[in-house]
Amino acid sequence: MDWVIKVGGILVILAVLGILVFIASEIIPLVKKARISDYQVISTGGESAVALGVDEWSELPVLVGEDGSLTFLRIGEGEMQQETCEPSLPEGFKPTTIRYLPFLQSILLGSDDGQVATVALNYRSEFADGVRTIHADPERTGLHRVADAGRVVDVSYGKEGNETGKIGFTVAALVDHEGTVQVKVMTLRSKKDLLGRTSIKPAGQQDLTAEITGTPVRVDVSQDNFKLLVATAEGTVFFFSREGDSFKFVQQFQPFAPGDAISELGFLNGSKSIVLFAESGINEAYSLYRTREGQPSRFGRIKTFPKLAQAATRLAASTRNKGFIAAGQNELSVRHLTTAKIRWAAQIDAPIREVALSGKFDRVLVLDAKQRLHMWTYYDPHPEASWKTFWGKIWYEGKPKAEYVWQSGGGSDTIEPKLSMIPLVVGTLKATLWAMLFAVPIALLAAIYTSRFLHQRWRRVVKPTMEIMASLPSVILGFIAGLVLAPMVENRVPGILLFLVLLPIAAVVFGWLFSTLNTKYQITLVPEGREFFLLLPVVVLLWFVADGLGPSLEEALFWVEVDGQRVADFKTWLWQTTHLTYDQRNAAIVGFAMGFAVIPIIFTLSEDALANVPPTLSSASLALGASRWQTAVRVVIPTASPGIFSALMIGLGRAVGETMIVLMAAGNTPLTNWNPFQGMRTLSANLAVELPEAPQGGTLYRALFMGALILFLMTFVINTIAELLRQHLRNKYKTV
Amino acid sequence: MSVRDYMSSGTTRKGEPLVWVTSVGLAIGIILIVSLLSWIFVQGIGVFYPKEVVQYTLEDGTRVVGERWEIRHTRTPQGMRKEARLYIANRHENGHSFRFVDFAEVTATDYPRDVCKAERQSEAFSIGTPVSLIPAEGEPIAADSAAFASTWKTVQQDMAALREEKQARLGVQGKLSNKQREIKIDLYRARNSTPDPAAEERLVKQNDGLSEESSQLKAEVEELDAQLAATTLRLRIADGREVDIPAGDIIGFYYPNQLGFTGRLGRTALGFWHFLTRNPRNSNQNGGVFPAIFGTFVMTVLMSLAVTPFGVVTAIYLREYARDGLLVRTVRIAINNLAGVPSIVFGVFGLGFFIWTLGAQIDDVFFADQVAATNQPVFGTGGVLWASLTLALLTVPVVIVASEEALAAVPRGMREGALACGASKWQTIQSVVLPAAAPGILTGVILAMARGAGEVAPLMLVGVMKIATDLPVSTEFPFVHLDQKFMHLGFHIYDLGFQSPDVEAAIPMVYATTMLLIAIVVVLNSGGILIRERLRRKYATGAF
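Keeping their order, the protein sequence lines are chains A and B.
Counting in this note's numbering, the final residue of the first sequence is number 736, and the numbers go up one at a time with none missing.
Counting in this note's numbering, the final residue of the second sequence is number 544, and the numbers go up one at a time with none missing.
Do not rely on the hints blindly, as some may be mistaken.
[What the hints assert, rightly or not] Under the rule of at most 27 Å between Cα atoms (straight-line distance), these lysine-lysine pairs were calculated in the BS3-like manner: (1) B:205 to B:218; (2) B:425 to A:571; (3) A:32 to A:94; (4) A:191 to A:248; (5) A:159 to A:399; (6) A:6 to B:425.
[As the list claims (entries may be wrong)] Stretches of chain B that chain A covers, calculated by requiring three or more beta carbons in the stretch to come under 8 Å of a beta carbon on chain A: (7) 457-464; (8) 497-510; (9) 517-525.
Treat the hints as calculated values from the structure; they're not laboratory data.
Every residue, glycine too, gets a C-beta built ideally from N, C-alpha and C.
Isolated chain B (complex conformation) (with noise of 0.2 Å):
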């Protein structure tokens, strides 16, 4: 019997309708995450990318003005209904960020070229079009002259030297605070917990100095706001208003109806850039995630160094030290079990004992002083440490199992040679076992990252804030600030998701940062197998 007849002699046929049904399964399963992680893709590269700004003229001769987000089919008793969601920035002046509109309304579509789009440092965007520039003296020169593309240039460029010095000026003046809250509490030492009256008198007038200081600088501080307000551009927006905007106040400007494909593009990279290294503003509503990269960044890398080695020994001692039996069955139990916890019973854990028990213990035998002068628990509130040793506990289980898999993985001819040249046991684990269980141990180290990447909900309890500008890791003493609360990429997709005073507003900075986290913990996850299959294969051939 060929196979053809055998596979058409229909005993092999029964239920193959049926595997068609399980193959949805799957299909459904490969679509969902392609769609999913598409969409992501496509609307975070979008909200990039520069649209056109479009106006419509309707029929009772109002126009408006802004860029098309989205069009919708509604269905109204009259029938259905096609209409275009505008963002029409301005939300000063219109007190709204979002305009629908009808087309059955729409008498003129136009894209004027002439219309602009301005970052505002104060708030979103302004799109209008440019009347003119008024300048602090002399007269105002006309949008439509020769002379306001070069003019408007340089003032740019000014403004933005005169930003960099203010921001300059405003880091001094941080530094200056942070001094004189640690004058306080010298000060609150000198007075009360040991009496020094010379020392008191002392740090009173050094107090003085830098108040003094901190004045001049706030004065130098007032001096700059005049002189980035003292020129404005006047726009003209959609309803006809003309309205001043200080040139200091824009930050980023352009002609969205000019831009070709290639301006388009470039200003797409020049916004992801700024996204990835910029400070937010308007409540994270624009701007970039800088310090929440780098919060999670700080937060991830302190867990790992946490959970690493707590993982590590705990694997050499069940795999290479406890001996089979019934604790270490239960033992291993427990660790399945605790990877199965859900993680905000960590985050639980860690604001009941961490920051409560721990940190007020702390705050007490160490930081009494502190706390009476500021009023402030240091270490009694959530903070960075606390919050990646509630991670590294969360992690603990994947660094175990990873690690003890790598370590049973390594061959018992390699440990009985070290042993048979005389190695003590711990001389065979760290000169032999060890380094060759090392590409198993960092993978586990790096899946465990990608997990506490990605975590929030412990997190909400343990010092996650929604703006925290002041970095967990700075120039200044002692450079890593264990106790200072920080900003993270998950916590910022649910607080501007659902939290944020105008959510519709901030979605597209949602969609950012999801699309900048999903690839993190995905180029995490791929990084981790890759290292283990790369060094798993030199390991292979370096062995034996």
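In isolation and in its complexed conformation, chain A is listed as follows (with noise of 0.2 Å):
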């Protein structure tokens, strides 16, 4: 038996110490960098390849050829299979410029006579006895004349994938038409007849040529086909904007030093920022972001990426996060937007022709000058986590500075997500800290005056009434706080204000009334001991008269103007004057509710404190004439003092954690700021918030994984802190 027991026991032990290793095990892949698990190199054979392309599961690249025939390449275990495929051009369609969409799966190919086609490749997966095949069913979707004569330089296409059934396209060419460059763009419309056939039908044809400075050299639509970039030979980008069935000028800048050209430009998954590249090698994101309310959104630099060797020639953006390839000479990289860094980079030993990434983010395929593909296996689960991510002022796209935001994104894979950890943290501080502001002085008023001046028979009664309201759940905390007191104290702050400056000053007013009484009466009305009844009707008569008079004070103090009247209105007032915005549930409402739940945590310890402070010294002190006051403020306080910082770091341990009263009364918006009168969101309501909807495994997952070993570590620090201050205190105790 006795063995029995100690395993057990050494059981438990490991598995307290568990918690604390799993929890930090499931962040540690958060640091992981990208890995490799397979790298195929297989010669193709074929005759030059001008566009690759992939499909959801790597399984079937395809290779365009330079007259738009498709070869698929069947790779699985055993010999590799080709399958060439005609394309179902029209009669004299001579391809000139091939591009892949990844996100429609689509190849986009312009001709020597203005047209453009789209060939869809209709990938789809078949299962058979449990095995998986992947079939593609190449079909020409569409065909567009942009020109009437030209060769096609360049050509892109954007597809709004829009709900309501009407679906919007954009075809953009370059047309070189006897040696000058055009820039034409067509708007589509998909529309269903009356038979519920959908066609899609031109909506607007348009030459941006005229709007236009220098050579076009490059054109690029985005996924959703609001906009448009030409990039010209002088290196400028100009950016325009889909309004209607047409496009808009908004914007032209030059992103790299004059002479530094262009080579190459592209959209990010989501449609709101662009990668380029310079020749001198410079790596730049660009997002798109209003600087001022009620502008339009332009394009403005918000990060640099490592320079590369040599100017990259070849983008693929994901389609499934921020993530990209670039590709130069023979060189080639994982990039990442959020973190600007590189996730993964590679050499090969001939010249880079053509790159793609699969559908899950977990192939790399390269197409190289000797006709042979490279495909690397490629794992790398959390490509935007970097110290930097959460701890780190980040650059986001779309917003107009760098920026400490946690917006999770909510699963969606064209948001970028926001994981900086700070404004939880600040929001935890902020919570504690008003909650300590108010529970600290009520605790430890109430613990010296229970432990030195009340008389015993009463302090039995109030210690116990005071456990009662440590042993109140959270949860009904939170629901009065939340429910009942936000909208009341809505209305009252001013009230509330006098009342806490009116208080302690009757406090002293009061006592010192009475101290001047002949001392018969004082004993007689109020035996030593017994202060604080007398003081119950006063506190409740001051809470009436100050929020009898809230209202009053506000017309006199908290006004504001509105069409020339005088209105008493705080909240306006206090936005006026400070520019600080209230609201309904905040950081005062949640001290105040977290209050309760830490002040009898801080009361129970410092009052044992106190009350164990040996009556050996008490008694010398009041022996020696000190008055009662004296004696508890120069001799007990002092002497219990490590036992009171430790009945602090004890409560401010719990308010760290406390999840439901923050969960049901801040608001949960995750800000940075310590106004007592706007919300915030803790490092614990977050968890309550986004952890039953975190997708496992997921860097959100972690994040919050992360999260909670951060609340774990700060509550272990402060308990250790208090755990040795208590030790302290009872070695003191031992010698006197």
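Dock the two chains into a complex; use the hints.
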């Protein structure tokens, strides 16, 4: 039996440590680098392919030849099979430029006579006997004449995913007509006819050449087809925005130094940011953002990536996150927008022709000049994670400046997840600060009074009452704070402020008046140790007085002018004079409710510490003629101070980790400020809000575990300090 | 120098005003706790106390009928405005349940005696004046006729019987669908994991039989539904519209303005009883909280079953076996630390470890077929087992600390006596030390239960549900369903108060649940302390 107990005891201790180890182990994958688990080089043996595409599962990549012919490579176990497919292109369509559209899994072809064709690859998976095979049925989905004549030198395509059924498309092309390059744009819409058939009809045709100075070399339409970029040989980018069925010029900018031309550019997933590469190898990201309300969004530089050795000529953006592949002469690297870091880099021994990234962000494909296909099985589940992601100021896309933001994005791939821990940590500290500001004075005063001045008989009643307060489930405090107090306080702020000012004054005045009374009356009216009973009605009365005077105070002090009239309104006054907003559910309310939870803890522990001061000390002090107040302040409190401090620490630990009260009464907006009249989101509330919805193993999931670890460590430090102090106190009393 | 002279000599009075300041702290603390508790109890009881139904006639001739829940004074640019917040019920007809009435617009205030309040199965309440009772066949009976009261009473009794019958059928149907689910799993096994055509055929046949039975039951339930809706009660609501309410939908009926004081008290008690014993309805906003009480109870009991052995074994190890040294001191600090770890962190651990790691593993090994057949995880999702284990971890320090204290309080003499009689160390602990320490240990367990019953944050991550009328303990094998999700009183408060579609209408229910939860926690806490006191006295005299 003995060993059963021993093993059991040790197991429980291990379990305690296990929690810490487990939570920490869930975070480790965040700091891991990208991993390559497989690398294949396949000789395609074909003619020179000019575009490369890949299916969702990376089992059937496709090479597009100069004539538009499609060669599917079946990669699997055993021999590689090739299936060549003739393009379903019209007679006389001679491709001059070919691009692969990863988000549509389509091929875009421009011809030598001003036409643009789209060919959908139509990948589909089939299951037979538990084995998945991928098939492709290429099919031409569109043929558009963008110019009457001329050679198409670059082409781009965008499609708006609109639920209402009206879907917009944009085809943009650079057409070389007798030596001058024109920018042709065509907008299309799909319409349903009366029989329910959808047909795609041109909605607008534009020539933007006149709006561009310089020679256009590159055109790019965003995936959502609302933005159009044209880059010129001189290194300028022109930005047009779609309004209705036409594009309007918005902005032109020169991303790199004069003379440094743009070698490649493209939109990232989400169509909010672009990455640009310079001939010199510089790599930057620009994003659309507003600097002021009401202005149109413009592109501005948000990130600078590490420089490439040679100019990047190929770019493949991930369709799953904000990552992309940049490929130069014979180097390639996977980069990520949020961190502006290189996730993985490789070099190959031949010039790179084309690159592709699989839809699941798990394969990197490269076609080199020797017509070999390089394929890396890429494993990088947390490309956006870095130290800076969680702790640094980051310039997120769509924002006018670098900020600390928590906004997990709600599982959408196109929204950049913003996972800064700073707003949450600040929120936690803010809630703790206001709670402690409220709780500490009350708890300490009550503890001093109860242990030193209150009559013994009442002490036996008061202590359990306060302990009942400690056992109140926090969900109840949260409910009262969020649904009862918050709306009630909203209209009574001046009265409450008045009460807070009047209360200590009233207590001192009351005490002074009383102590000047003749001792005879003092003793008969309020025997020592029962002052508190006399004060109970005073406090209640004072509350009603302050509450009643509140509106008058508001009229006297907190008024604003509205249409020439004086209107008493604290909230508007606060905004006008200090630019602080007032939320109904705010830090002050949380502080008050959390104070409820913290007061009994601090009270009980510090009362114990004060009561445990050896009576010899206080008796000696009283015998030497010190008053009871002097004895308390000069002798008892200093002796008990480590215990009191330890009580404060334990109260602090409770406040830091409190969840339900904050969840229910703080509004849960992740803000980074210290305004008591605004809400916040704490680490703990964040866990309660987001963890049930976070996909297991994702970056958000692990980021939330990091939040839990921070909470754990915060309370760990606080509690260890408290425990050490307590032990110190115990040793001290041994000698007294 | 007499005491009086000494007292008034000045030196002892130094700082006396400041003593008053310190007493403010205690005064505020006491006022806060007393006002909070009394507020909750007044509001909580008030939920069940039948209020009078008031009828205001406004200047424009419209009439507003409802229960006056609150009178507020709001400040407007035109001066103070006094308005009443009326619960007007009839949400289906009015589109909302509350209405504000400005007293300045009121021309007449009445308390009509013939207004009734009907509690509805499908929604909250209806308030109106009965016009007539329309039976399935025959002439309608007008409300002012003599036969109305008695007929309506019999109809209500009939309807209650029908509802009971329907409930019984639904119960059988639930059992059938459980059986069908099991057959589905067996069928999957017979088809995929261990191919067995004979069994497959048998199971398919069995399933067909059950389906037939089930559809027959469904037809019977529909028949009952038709009967429940056949008779209708016609009510005239405030704006003069007449509304027909199926009699079977009315589960409670009374005339609020005809009740005397004792009648009201009776209604209060009945309402509270229904609150304790019934299932919630109308997206939890009405009805009772029985599943939440039961879920809280089962979870707490499972938790204490898990926490007691662990806590006691650790305490015995620390107190009786471990040699005092750096290790033991570190362990003590660790345990004290564990007591201070935020509860949500335990929830995170429960979700990550119990559910995603351990539960997923259990599913893979033992329930692979079931998961594949039903496409739903068994232990790989939140459930009452994981919730109670998570809370057991959370409360283990409470039990360890209390048990250690209790073990330390056992007099040395008792141990030495046992050892001197030739008992081994374990025998001593088992037959002398543990019985003596039992009260302290029990107190620890009860305090842990009180903590566990009130904790919500970790449960939100490990298996608590908004609505789960299937109880975690039932008459069906294996009786205790450890994988079942459950309802919890604390979560009920949060969910109703913050996530329900009509928070304002849900607030009475929140107050009632809050009152109940406070009562449970306070009773558990003070019970623990009382038991400790009593047992301590008993052992104090019974020992040496």
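In rising order, the numbers of the hints this structure does not comply with: When the structure is compared with the hints, numbers 2 and 3 turn out to be violated.
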